[in-house]
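A.B. asks: Chain residues, written in single-letter form:
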Amino acid sequence: AQSVAQPEDQVNVAEGNPLTVKCTYSVSGNPYLFWYVQYPNRGLQFLLKYITGDNLVKGSYGFEAEFNKSQTSFHLKKPSALVSDSALYFCAVSGFSGGYNKLIFGAGTRLAVHP
Amino acid sequence: DVKVTQSSRYLVKRTGEKVFLECVQDMDHENMFWYRQDPGLGLRLIYFSYDVKMKEKGDIPEGYSVSREKKERFSLILESASTNQTSMYLCASSPGRTEKNIQYFGAGTRLSVL
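Chains as they are written, first to last, in the numbering used here: chain C, 1 to 115; chain S, 1001 to 1114.
Note that these hints are calculated values from the structure, not bench results. Don't take each hint at face value.
As the list claims (entries may be wrong) - Computed Cβ-Cβ distance ranges for the label pairs, DEER-style:
no.	chain 1	residue 1	chain 2	residue 2	range
1	S	Arg-1044	C	Ser-60	22 to 30 Å
2	S	Arg-1110	C	Ser-60	24 to 32 Å
3	C	Asp-9	S	Lys-1070	34 to 42 Å
4	C	Ile-51	S	Gly-1040	25 to 33 Å
5	C	Asn-55	S	Ser-1082	28 to 36 Å
6	C	Pro-18	S	Arg-1014	46 to 54 Å
7	C	Lys-69	S	Arg-1097	37 to 45 Å
For every residue, glycine included, the Cβ atom is placed at its ideal position computed from N, Cα and C.
All chains, full assembly: derive it from the sequences and hints.
C.D. replies: As structure tokens, this is what we get:
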């Protein structure tokens, strides 16, 4: 069965410092991995995805994620955090289940960036 | 830009009421999804549809039904609302039949059942 784990409920970072939001996955076959962000009282917005190719994927708002097959991880990173990055972040893995495209989401990690 | 519109941002209903949540997308996407979001549980798939008049159960379909009479519209129905259905409901759509495609989300409907 496919699954995603986000081991941290909350990550606290000072503005200007690098940030990492962790994600590990379990999937049979090739993993298709996604990061979404949810700002307060909003729906989810797509940040980036890994399908194949380079292990370092660049996405929106200066975010990037590193795919590590041996560690089954897909951590989200940003070199310099902004207060406006404070939000809820979801990692997801996609695959066929029962013949259809489905996303399996992690529980989410709340990122708090302090001035 | 893809736009997924959910008809209500906030709803307050009473136990036993029949509740309709509406979702419309404007990008001619084949697939549409209903999720519920609860703290600490992430998003859980309730139902999805890959074509007009087609529907498939997700992970937590009990107590819900759906309707997709037109390609752009996907409705979630709570036949008899209960307090444990108080939650944030998110609609999403995606193109095609490949697992590589992005899902686009609406702003969500926060439902309170009293």
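A.B. asks: Between C/Asn-55 and S/Ser-1082, is the Cβ distance one that fits in 28 to 36 Å?
C.D. replies: Given range 28 to 36 Å: violated, Cβ gap about 46 Å.
A.B. asks: Range hint 22 to 30 Å: satisfied by the CB atoms of S/Arg-1044 and C/Ser-60?
C.D. replies: 25 Å, holds
A.B. asks: Does 34 to 42 Å hold as the CB distance between C/Asp-9 and S/Lys-1070, or does it fail?
C.D. replies: 40 Å, holds
A.B. asks: Does the Cβ-Cβ separation between C/Lys-69 and S/Arg-1097 fall within 37 to 45 Å?
C.D. replies: Between C/Lys-69 and S/Arg-1097, where Cβ atoms are some 26 Å apart, the hint is violated.
A.B. asks: Can you tell me whether the CB distance of S/Arg-1110 to C/Ser-60 sits inside 24 to 32 Å?
C.D. replies: With Cβ atoms ~25 Å apart, the hint holds.
A.B. asks: For the hint 46 to 54 Å, verify it against the beta carbon of C/Pro-18 and that of S/Arg-1014.
C.D. replies: Because 49 Å falls inside the window, the suggested range holds.
A.B. asks: For the range 25 to 33 Å, tell me whether the beta carbons of C/Ile-51 and S/Gly-1040 fit it or not.
C.D. replies: For C/Ile-51 and S/Gly-1040 the Cβ distance comes to about 29 Å; the hint holds.
Against the hints set out earlier in the document, violations occur for numbers 5 and 7.
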